[in-house]
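Participant: Top to bottom, those sequences are chains L and Z.
So that you can map any letter, position 253 of the first sequence is 253 in the numbering used here, and since no number is skipped, the others follow by simple counting.
So that you can map any letter, position 4 of the second sequence is 4 in the numbering used here, and since no number is skipped, the others follow by simple counting.
Everything labelled a hint here was simulated from the structure, so no lab data went into it.
Certain hints may be false.
[As the list claims (entries may be wrong)] Below 25 angstroms or equal to it, Euclidean Cα-Cα: the simulated SDA-like pairs (lysine to any residue) are: (1) L/K400 / Z/I88; (2) L/K106 / Z/I102; (3) Z/K122 / L/K106; (4) Z/K6 / L/K400.
[Said to hold, decoys possible] The calculated label-pair distances, taken between Cβ atoms and stated as ranges, are: (5) L/R117 / Z/D92: 38 to 48 angstroms; (6) L/T284 / Z/A2: 17 to 27 angstroms; (7) Z/A127 / L/E277: 55 to 65 angstroms; (8) L/E337 / Z/G18: 24 to 34 angstroms; (9) L/T31 / Z/I104: 21 to 31 angstroms; (10) L/G175 / Z/A2: 46 to 56 angstroms; (11) Z/D92 / L/H289: 32 to 42 angstroms; (12) L/H321 / Z/I104: 20 to 30 angstroms; (13) Z/S4 / L/P224: 52 to 62 angstroms.
[As the list claims (entries may be wrong)] Calculated Cβ distances over 10 angstroms to all of chain Z for the following chain L residues: (14) A37; (15) S42; (16) K53; (17) H89; (18) C102; (19) K106; (20) G319; (21) A334; (22) P338; (23) M386; (24) P388; (25) E391; (26) L399.
We put the CB at the ideal spot given by N, CA and C, even for glycine.
Given next are the chains, with one letter for each unit.
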Amino acid sequence: MTPNLPIYMDNHATTAVDPRVLAAMLPWFTTKFGNAASRTHSFGREAEEAVDKARDQVARALGASSAKEIVFTSGATESNNLGIKGAAHMLREQGDHIVTICTEHKAVLDSCMALEREGFRVTFLPVDNQGLVSAAQIEAALTEQTILVAVMAVNNEIGVVQPLEQIGAMCHARGVLFFCDAAQGLGKVPLDVEAMHIDLCAVTAHKIYGPKGVGALYVRRKAPRVRLEAMIHGGGHERGLRSGTLAVPLLVALGEAAELAVAEMPAESARIGALRERLHGGLTAQLEHVYLNGHPTLRTPGNLNCSFAYVEGESLLMGIHDVAVSSGSACTSASLEPSYVLKALGVDDELAHTSIRFGIGRFNTEAEIDYTIGRVVEVVNRLRDMSPLWEMVQEGIDLKSVQWTGH
Amino acid sequence: MAYSEKVLDHYNNPRNVGALPKDDPTVGTGVVGAPECGDVMKLQIRVNADGVIEDARFKTFGCGSAIASSSLATEWVKGKTVDEAATIRNTDIVQELNLPPIKIHCSVLAEDAIRAALADYKRKNAALQGTTP
Ligand SMILES: Cc1ncc(COP(=O)(O)O)c(C=O)c1O
Ligand code: FES
């Protein structure tokens with residue numbers, strides 16, 4: 001059976017809004033459009049109640065002990081900025097050193113670099129060849145001056161899951177704040193800010209079948225009480241941490257999406273994980289020289305990132321144009337640099353150019369997986385037939401021994 | 001990336017994919033680019049006794065624009081003399097394929113591949129003539 005085309009299999013980039021989430025948010029655009037800060041009439045009060053419920057849903061999804069620990073934002077980029085810069089500015093007197101890892105999302109890396117320009121010092125730790133960092137490695141990088149450790153829950157390219165519990169426990173033992181970008185983690189892997197000793201945690205709705213443009217930052221209030229410097233000033237919304245009239249429909253959607261994501265995670269992980277294994281198994285059964293990028297098991301169920309050696313990624317994407325996936329190839333990026341995440345894993349540039357990220361999500365079906373396998377196999381074979389590298393390898397030439405004329 | 005009709009056409013129906021015997025004295029082979037840069041092109045020409053390129057073949061590891069540039073290059077060199085083929089410029093390829101600025105280097109590579117193939121052919125022939133006293 002041919003599935004409907006095109007197929008969306010890029011669920012790390014964003015996800016479709018779940019119809020249940022959409023249904024929950026719609027009334028808050030039209031009949032229930034009040035400003036949650038208007039306490040003087042029923043329109044405002046019902047909006048405030050909706051916001052309270054959403055805050056509660058997000059708090060619960062993260063294992064937070066109080067809904068007061070949730071600050072609503074425009075998404076994970078803003079949450080990352082607010083959490084990292086806000087904490088650093090507040091702790092400036094105590095220290096000027098931050099530790100993070102070089103496979104973080106740009107929103108974290110660039111926030112750290114902005115702090116460097118203000119005089120903070122940042123250690124960007126390497127990861128191992130499967131994309132992981134250990135608590136011991138982080139601990140070894142701490143100094144008397146370290147105020148914050150920022151490590152993501154799940155990487156957006158290779159889906160690897162960092163050992164958050166060990167990192168958090170170590171940070172708390174050493175009296176350093178632990179910030180976690182969990183944009184790709186919520187609903188995909190168990191998250192619990194208490195058990196994992198997370199002090200600041202960024203999430204976003206559009207990775208969990210909610211709308212774009214809304215997210216949250218968890219800010220611990222007890223043991224330790226985390227204080228932040230606000231970035232957006234105004235009417236004092238969100239306890240002064242993020243002014244601006246609350247986007248009630250979006251917050252309702254985030255709350256609903258977060259609750260669904262966590263409630264359905266066990267069943268969904270099993271189903272999506274099986275689809276991922278089917279995809280990986282199907283591809284490797286029919287193609288040789290397919291290399292998995294990132295840890296084989298410590299990764300989210302929906303992530304498959306692999307390199308199809310000797311076939312450049314953008315040309316592969318072009319061939320499978322009715323399946324939406326993405327590539328770590330330089331040719332697909334504005335910078336013409338291959339993926340910095342794959343580079344950090346020590347993946348050869350040559351293989352990074354041939355990498356494809358499949359992001360399987362809630363709405364993908366087995367028929368779509370089977371169609372994708374067929375397309376990828378067909379196009380990889382076609383492109384290998386026209387690849388000079390493939391030809392050389394077939395002739396037994398070691399590509400590393402060739403004198404290339406490259407730039 | 002939005003591809004032009006012509007890039008799509010060359011990508012979907014590449015002209016002259018394949019290989020010519022590289023040790024044949026009438027064949028010139030050019031291999032340019034590097035796997036680490038994400039693009040490698042191999043372009044080959046077969047030159048007849050009148051100095052006319054009667055056949056050409058390519059293989060390319062690279063994006064769709066690189067594949068289209070090299071496919072077009074094989075079409076263009078065919079029927080040209082060795083000297084005429086040397087006048088093909090990457091800007092002609094950019095124009096014909098409507099390449100966006102970020103893909104200009106793919107056309108540069110195709111021009112380099114033509115030149116490398118021509119140089120290889122000339123080098124072989126000079127060597128041949130040298131051996132017949
Ligand atoms: C790990 C990670 N952090 C942050 C972001 C940014 O999130 P948002 O698009 O909500 O700003 C993303 C998504 O692009 C992400 O994958
Ligand atoms: S080969 Fe990389 S952009 Fe064309």
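Participant: Now, for every hint given, state plainly whether the structure supports it.
Facilitator: How the hints compare with the structure:
About 31 angstroms separates the Cα atoms of L/K400 and Z/I88, which puts this hinted pair outside 25 angstroms; it is violated. Restraint check: the Cα-Cα separation between L/K106 and Z/I102 comes to about 22 angstroms, which is no more than 25 angstroms; the hinted pair holds. For the proposed pair Z/K122 and L/K106, the alpha carbon gap of about 50 angstroms is over 25 angstroms, so the pair is violated. A C-alpha spacing of about 34 angstroms is found between Z/K6 and L/K400, which places the hinted pair above 25 angstroms, so the restraint is violated.
Here the CB-CB span from L/R117 to Z/D92 is close to 45 angstroms, well matched to the stated 38 to 48 angstroms. At about 32 angstroms, the beta-carbon gap between L/T284 and Z/A2 misses the expected band of 17 to 27 angstroms. For the hinted restraint 55 to 65 angstroms between Z/A127 and L/E277, the CB-CB distance of approximately 56 angstroms keeps it satisfied. One distance hint, 24 to 34 angstroms for the beta-carbon pair L/E337 and Z/G18, holds here, with the actual separation near 32 angstroms.
L/T31 and Z/I104 have their C-beta atoms about 54 angstroms apart, which leaves the hinted 21 to 31 angstroms range violated. Here the CB-CB span from L/G175 to Z/A2 is close to 53 angstroms, well matched to the stated 46 to 56 angstroms. Checked against the given bound of 32 to 42 angstroms, the beta carbons of Z/D92 and L/H289, roughly 36 angstroms apart, stay inside it. With their beta carbons about 23 angstroms apart, L/H321 and Z/I104 fall inside the hinted range of 20 to 30 angstroms.
As the Cβ distance of Z/S4 to L/P224 is approximately 58 angstroms, the hint placing it in 52 to 62 angstroms holds. For L/A37, the non-interface assignment is confirmed: its Cβ lies about 44 angstroms from the closest Cβ of chain Z, beyond the 10 angstroms cut-off. With a cut of 10 angstroms on Cβ distances, L/S42 stays outside the contact zone with chain Z, its closest approach being about 50 angstroms. The beta carbon of L/K53 sits about 43 angstroms from the closest Cβ of chain Z, which is more than 10 angstroms, so the claim that it is off the interface holds.
Annotated as non-interface, L/H89 keeps its C-beta farther than 10 angstroms from every C-beta of chain Z; the closest such distance is 38 angstroms. Interface exclusion of L/C102 from chain Z stands, the closest Cβ pair being 19 angstroms apart, more than 10 angstroms. Even its closest Cβ contact with chain Z, about 19 angstroms, leaves L/K106 beyond 10 angstroms, as expected for a residue assigned away from the interface. Non-interface call for L/G319 relative to chain Z: violated, since the shortest CB-CB distance, roughly 8 angstroms, does not exceed 10 angstroms.
Remark: the non-interface label on L/A334 conflicts with the geometry, its nearest Cβ contact in chain Z lying 7 angstroms away (cut-off 10 angstroms). Non-interface status of L/P338 relative to chain Z is broken: a Cβ of that chain comes within 10 angstroms, the nearest being about 7 angstroms off. Not every C-beta of chain Z lies more than 10 angstroms from that of L/M386, the closest at about 5 angstroms, which undercuts listing it as non-interface. With a least beta-carbon separation of about 4 angstroms from chain Z, L/P388 fails to lie farther than 10 angstroms from that chain, contradicting its non-interface assignment.
Chain Z draws L/E391 into its interface by the beta-carbon criterion, the shortest separation being 6 angstroms against a cut-off of 10 angstroms. Under the 10 angstroms C-beta cut-off, the non-interface status given to L/L399 relative to chain Z is violated; the minimum distance is some 6 angstroms.
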